[in-house]
Every structure is written in C-alpha cells, then in structure tokens.
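Protein sequence lines, in the order shown, are assigned to chains A and B.
The opening residue of the first sequence carries number 1 in the numbering used here; numbering runs sequentially from there.
The opening residue of the second sequence carries number 200 in the numbering used here; numbering runs sequentially from there.
By construction, these hints were calculated from the structure, which means they are not laboratory data.
For every residue, glycine included, the Cβ atom is placed at its ideal position computed from N, Cα and C.
All the given hints hold, so there is nothing to weed out.
Selected chain B positions facing chain A (in silico; Cβ < 10 angstroms):
1. M211
2. T243
3. G248
Using 25 angstroms as the maximum straight-line C-alpha spacing, the simulated DSS-like pairs for lysine-lysine come out as follows:
4. A:K16 x B:K336
5. A:K137 x B:K215
6. A:K14 x B:K336
7. A:K137 x B:K213
8. B:K346 x B:K336
9. A:K137 x A:K147
2 protein chains.
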Amino acid sequence: MSDRETRHRQAMQKLKSHVDDRVARATEQRGQLLVFTGNGKGKTTAAWGTVTRALGYGYRVGVVQFIKGVWECGERERLAEDPRLEVAIMATGFTWETQNREADTQACRAVWAEAERLLADPEVYLVVLDEITYMLKFGYLDIATVKRALEQRPAEQTVIVTGRNAHRDLLAMADTVTEMQEVRHGFNAGLEARRGIDY
Amino acid sequence: MSDRETRHRQAMQKLKSHVDDRVARATEQRGQLLVFTGNGKGKTTAAWGTVTRALGYGYRVGVVQFIKGVWECGERERLAEDPRLEVAIMATGFTWETQNREADTQACRAVWAEAERLLADPEVYLVVLDEITYMLKFGYLDIATVKRALEQRPAEQTVIVTGRNAHRDLLAMADTVTEMQEVRHGFNAGLEARRGIDY
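Given the sequences, and given the hints that come with them, work out the whole structure.
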C-alpha cells in the first residue's frame with residue numbers, strides 16, 4: 001500500500017470512529033423542533049425538502065404558509081395530489097402588499113387555527129410553520145400562544161419553523177437551529193426570481 | 200385610523216417600496232449556480248426542496264448523489280416515479296466506511312460521468328451535485344474539470360452544489376451562496392437521526 005493510501009485510510013478510520021462514537025451516543029427518539037432562520041436563501045426550501053422526505057415514507061404532513069401562500073409554489077403543485085399532505089395558506093399574501101393590519105391579523109389568526117389543529121393531531125408526523133416568525137414580529141400572533149401549542153404537541157410530532165429573526169423563545173426551545181446566512185444572492189446582482197428555482 | 204395602524208401602514212409601504220425597487224432592478228433571466236454550504240442541517244434538504252419545486256412546473260431534473268447515495272432517502276422514494284427526474288448515485292456510500300481510496304475514486308469518476316452528461320443536456324433545467332464538495336476535498340475529482348463542465352453548461356440550466364467547505368473557485372463562480380450555519384443540532388444532545396426528518 002502506498003504512503004498516500006495509508007494516510008488516507010488512517011484519516012478515514014479516524015473520521016469513522018468519531019462519527020460512530022457520536023451515533024452511538026445519539027439514542028433518543030422523539031419529535032423535534034427545527035428552526036431554519038437567517039437572511040439567506042434556503043429556509044422554506046429546506047422545509048419543503050423535509051416535507052418531500054417525510055411523504056416518501058408515507059407519513060402525514062401539514063404545511064401552514066403564513067406569508068407566501070397566495071404565490072405560485074412549485075412544491076405545492078408537485079405534491080398537491082398526495083392525500084397525506086395538507087396545506088393551509090394565509091389568504092392575504094405578503095403583508096406589505098395589503099398594508100392593512102386589522103385584515104392581516106384576522107387572516108393570520110384564521111390560518112393559525114389550522115396550525116393549532118395540526119399541532120394537536122398525533123397522526124400528523126410533521127408540521128411546517130412557514131414564515132411564522134414574521135407573524136410574531138408584526139404582533140399578529142403572540143409568542144405565548146405559539147409556545148403553548150408547540151409544548152403540548154404530540155411527542156412524536158416534528159415541527160419546522162422558518163423565517164428571519166426567529167423569536168428568542170423559539171430558538172431556546174428548538175432541538176436544531178440552522179442559520180441560513182446569505183453570502184451572496186443573485187437577486188442583488190440583477191438576476192430575476194426564476195420559476196422552478198426561486199418559487 | 201389609529202396611530203398604530205398609521206405607523207404600521209407607513210412601515211409596510213416603505214418595505215413594499217424597497218422590495219418593489221429591488222424587483223424592478225432584477226431583470227436578468229438565466230440558469231444560476233447556487234451553493235449551499237456550511238456545517239448546519241439543511242443543505243441537501245434545500246436542494247431536494249428545489250427539485251420538488253422544479254418538478255412541480257414539469258421541468259426535467261437530474262440529481263447526482265456523491266456521498267449518501269446508498270442510504271435510505273425519503274425524497275428519492277417520494278419522487279422516484281416521476282419520469283422527469285433522473286437520479287445517479289455513487290455506489291460506495293460514505294467514503295470513511297470503505298477506506299479504499301482507489302475504489303472510491305473510481306466510483307466517483309463513474310458517477311461524475313453521469314453528472315457531465317446531465318450538465319451538457321439543454322433539456323435538463325436543474326442539476327443537483329449533492330455533496331460534491333467532498334470529492335474535491337478528497338482529491339477524487341479536480342476542480343478544473345468541474346469548473347469546465349459548469350462553465351460550458353446550457354445557459355438556461357441551474358445547478359445546485361451542496362456540501363461543507365465548498366472550494367473557493369465554486370464560491371467565486373456562484374450566483375447565490377448560502378452558508379447553513381449550525382447554531383444547534385439535536386444530534387449533539389443525544390437525539391437519534393429520525394426517519395422522514397433527517398433522512
């Protein structure tokens with residue numbers, strides 16, 4: 001065996017031992033709270049990737065879209081026929097388009113009622129609360145209500161929260177938090193949002 | 200109108216103007232190079248989310264899995280029946296399991312040939328090179344070969360590269376780069392990888 005081959009094998013053995021050790025220690029199985037936050041591209045996209053993944057094993061999934069619900073959405077198109085997927089959308093769309101606090105608050109509370117139903121249903125394996133962070137920020141929903149629903153959810157249910165500026169209480173509760181940081185965004189260089197890629 | 204309502208409306212109007220301005224300036228339409236990197240959860244997941252999205256509009260998609268190909272994969276399960284999706288996997292799986300540099304290099308080159316074919320096909324709207332960054336890091340593929348294939352790809356084709364420690368040349372070429380930073384990962388607190396959520 002060459003020196004290079006030997007070194008490579010040793011390095012991989014070390015990596016494998018490290019990973020094996022960590023896997024051996026990770027034995028708790030329960031639903032998780034995941035937060036995808038930060039100013040970069042990929043938060044909602046990663047949530048939909050997880051939706052696709054869970055559906056792939058036949059689990060029931062609920063998605064609640066708090067902001068972009070009235071937009072065209074390729075993932076929803078692709079998965080809409082799946083009887084195990086339920087999608088609830090907030091009717092008003094981007095709130096700065098409506099600029100009507102009262103109407104937005106009502107629309108938010110209506111779709112939150114759908115979220116609460118999903119969060120109470122032990123048959124639902126995964127619930128996505130897409131862009132809910134803005135609802136908390138704008139004061140359309142209060143954090144105590146959201147925390148209570150998350151705390152009381154079935155033990156086997158995983159929840160994904162997406163959106164910028166996640167409330168510190170959500171971050172504190174979460175099992176996994178990823179900050180999607182924008183290093184660069186084509187949009188800022190003049191690239192138009194692209195069908196099938198950006199929405 | 201109350202003061203609060205007025206302030207809210209003004210803030211939303213300002214936000215809307217800002218977004219409208221940026222949208223008006225972003226007019227270039229072409230395929231993009233996206234890089235999802237960093238040590239946090241969500242890179243591959245966001246890539247599969249985009250795959251689902253593109254398939255939702257009927258576009259053709261190719262996914263090349265350089266590392267986790269032999270693992271169970273819920274997204275692949277869910278979307279496998281879609282005639283517009285093609286998935287190529289590297290046969291050896293996690294390289295530290297095999298610890299055989301020669302065999303891994305051959306397996307990598309074999310699946311790279313599939314990638315090159317996809318990257319040359321103008322009918323393919325989106326190509327995912329999942330975890331290719333490790334192939335460059337381990338020296339199984341050289342960056343010049345990968346750059347050339349990316350540069351010569353059809354103008355309308357979007358490519359997503361995922362993996363930690365993306366090569367600086369890939370970062371330099373990319374239109375959009377998101378760094379998925381791990382703030383917290385349940386795995387480190389003893390949570391076992393969960394079916395339908397983590398894989």
